[in-house]
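Chemist: These are the residues of each chain, in order.
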Amino acid sequence: MTGPNFVYVSYIRTTPEKLWQALTQSAFTRQYWFGHAVESDWKPGSAIRFFAAGKCDVQGEVLASDPYRRLAYSWRVDFDEALRNEEPSRVSFDLEPVGPEVKLTVIHDQFGAGSKVYPGISNGWPMVLASLKSLLETGEPLAATSEAALCAARQRSLDLARATAA
Amino acid sequence: MDAVFKALADPSRRELLDRLHAENGQTLNELCVRLAMTRQAVSKHLAVLEAANLVSTVRRGREKLHYLNPVPIHEIATRWIGKYERSRLDALAELKKGLEEQ
Amino acid sequence: MSKPSYVYVSYIRSTPEKVWQAITDREISKQYWGRSNRSDWKVGSSWEHQRVDGSNITDIVGQVVETRPPHHLVISWATPSDANDPGRVSRVSFDIEPQSAGIVRLTVTHSELEPGSQMERGITWGWPLVLASLKSFLETGEGLPIPKIKEAQQSK
Numbered sequence: 001m002t003g004p005n006f007v008y009v010s011y012i013r014t015t016p017e018k019l020w021q022a023l024t025q026s027a028f029t030r031q032y033w034f035g036h037a038v039e040s041d042w043k044p045g046s047a048i049r050f051f052a053a054g055k056c057d058v059q060g061e062v063l064a065s066d067p068y069r070r071l072a073y074s075w076r077v078d079f080d081e082a083l084r085n086e087e088p089s090r091v092s093f094d095l096e097p098v099g100p101e102v103k104l105t106v107i108h109d110q111f112g113a114g115s116k117v118y119p120g121i122s123n124g125w126p127m128v129l130a131s132l133k134s135l136l137e138t139g140e141p142l143a144a145t146s147e148a149a150l151c152a153a154r155q156r157s158l159d160l161a162r163a164t165a166a
Numbered sequence: 167m168d169a170v171f172k173a174l175a176d177p178s179r180r181e182l183l184d185r186l187h188a189e190n191g192q193t194l195n196e197l198c199v200r201l202a203m204t205r206q207a208v209s210k211h212l213a214v215l216e217a218a219n220l221v222s223t224v225r226r227g228r229e230k231l232h233y234l235n236p237v238p239i240h241e242i243a244t245r246w247i248g249k250y251e252r253s254r255l256d257a258l259a260e261l262k263k264g265l266e267e268q
Numbered sequence: 269m270s271k272p273s274y275v276y277v278s279y280i281r282s283t284p285e286k287v288w289q290a291i292t293d294r295e296i297s298k299q300y301w302g303r304s305n306r307s308d309w310k311v312g313s314s315w316e317h318q319r320v321d322g323s324n325i326t327d328i329v330g331q332v333v334e335t336r337p338p339h340h341l342v343i344s345w346a347t348p349s350d351a352n353d354p355g356r357v358s359r360v361s362f363d364i365e366p367q368s369a370g371i372v373r374l375t376v377t378h379s380e381l382e383p384g385s386q387m388e389r390g391i392t393w394g395w396p397l398v399l400a401s402l403k404s405f406l407e408t409g410e411g412l413p414i415p416k417i418k419e420a421q422q423s424k
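Chains A, B and C are the protein sequences, given in the same order.
Numbering follows the numbering used here, with no gaps: position 7 of the first sequence is 7.
In the numbering used here, each residue's number is its place in the second sequence (first place is 1) plus 166.
In the numbering used here, each residue's number is its place in the third sequence (first place is 1) plus 268.
Only chain A is shown next, with the shape it has when bound in the complex (with noise of 0.2 Å):
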């Protein structure tokens, strides 16, 4: 039996090139995914690793990459016992572009039935990517997604992973 997907769509005035790079590059992601760096030479089958105030949040494995058009990791949550013992999901990234704009399609799935870790990213996703939105958009990422609110999320993740039935 298979568990929930998260599916969520967005237009983002900006190019694919620009947003590409938000998504791949530190210097972008640690000022809309709660000061989040990312390590990884992107090349299908490298390793991934987002970390913050020193930590290893996720882990993952990347599974495609298709630069300007298509991007796909594995994604392990790593900052909590009980959830690294869960199977890796996947996250994929279309980029399309469209008129002016690109649309940007993020689906998260593979997750198992009664999965802790969905309900934590299904509440930071919206957050992340709009943060995203508005960095491209404005030149300022949302405040509720700096490295300060970090922590904050974190225990968000383990609440929500907590109150999920076991």
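These aren't lab readings, by the way, just hints derived from the structure by calculation.
None of the values given here were measured: they were computed from a predicted structure.
For each residue, glycine too, the CB sits at the ideal point set by N, CA and C.
Please note that the accuracy of each hint is not assured.
Examples of chain C residues toward chain A, derived with CB under 7 Å [what the hints assert, rightly or not]:
no. : residue
1   : Val277
2   : Tyr279
3   : Gln367
4   : Pro396
5   : Leu397
6   : Ala400
7   : Ser404
8   : Glu407
9   : Thr408
10  : Leu412
11  : Ala420
Got chain A sorted already, so can you dock chains B and C onto it with the hints?
Modeler: For chains B and C alone, kept in the frame of chain A given last:
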């Protein structure tokens, strides 16, 4: 691809790329600080790099932040190493289509 | 079979009042939605979603079901020809909640949709576009060119 090679052929421009590689997301002022180049020269070089898609800019208020785009350089490397498998990407496209149709 | 419900969450650097106004003001809604939302927004009143190309064609109609400005608005939603068929009237609620630091969370819930209907297909494609446009409009002063984007998508 030609624009990329031309852009990379100049040592001053390669230095700018090195600076951004060391610290990404710098303004024109920040890039000018330790370089033995006039501000005008740096600005011109950045324009060539941006046209070659090696550098992207994001406007913040009146400033522009410059970000290194490593993809074109990776692409040059990949050509000689081997093409990426199309099949994995096709599978993902199918997945996306399937989910949209639900 | 139960009717599906779609939830869209957006975080916008704005105030609840401005978000409320953008949704309910007939002139402001034109600027990012490509349509005008017209009503007096009192419970029981009707509302219309009208084209702004001079045709005055109304694409969607409904009634105001609940209202608690500027935080909560619920409207019914149907095409004019379906408006009297309860099975084809769906429901949209807007929840506009202030978060920290000048950010508003907007949650749009579209429920009671007929599964597999053209309306369901239309809105699941349309809401992300309208909400992205609303966010760009409130944050940059400019919405997205919705007619252009619709054209680009439909030509595929």
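Chemist: Hint by hint, note whether the structure agrees.
Modeler: Results of checking the hints against the structure:
no.	hint	in the structure
1	Val277	holds, 4 Å
2	Tyr279	holds, 4 Å
3	Gln367	holds, 6 Å
4	Pro396	holds, 4 Å
5	Leu397	holds, 6 Å
6	Ala400	holds, 4 Å
7	Ser404	holds, 6 Å
8	Glu407	holds, 5 Å
9	Thr408	holds, 5 Å
10	Leu412	holds, 6 Å
11	Ala420	holds, 5 Å
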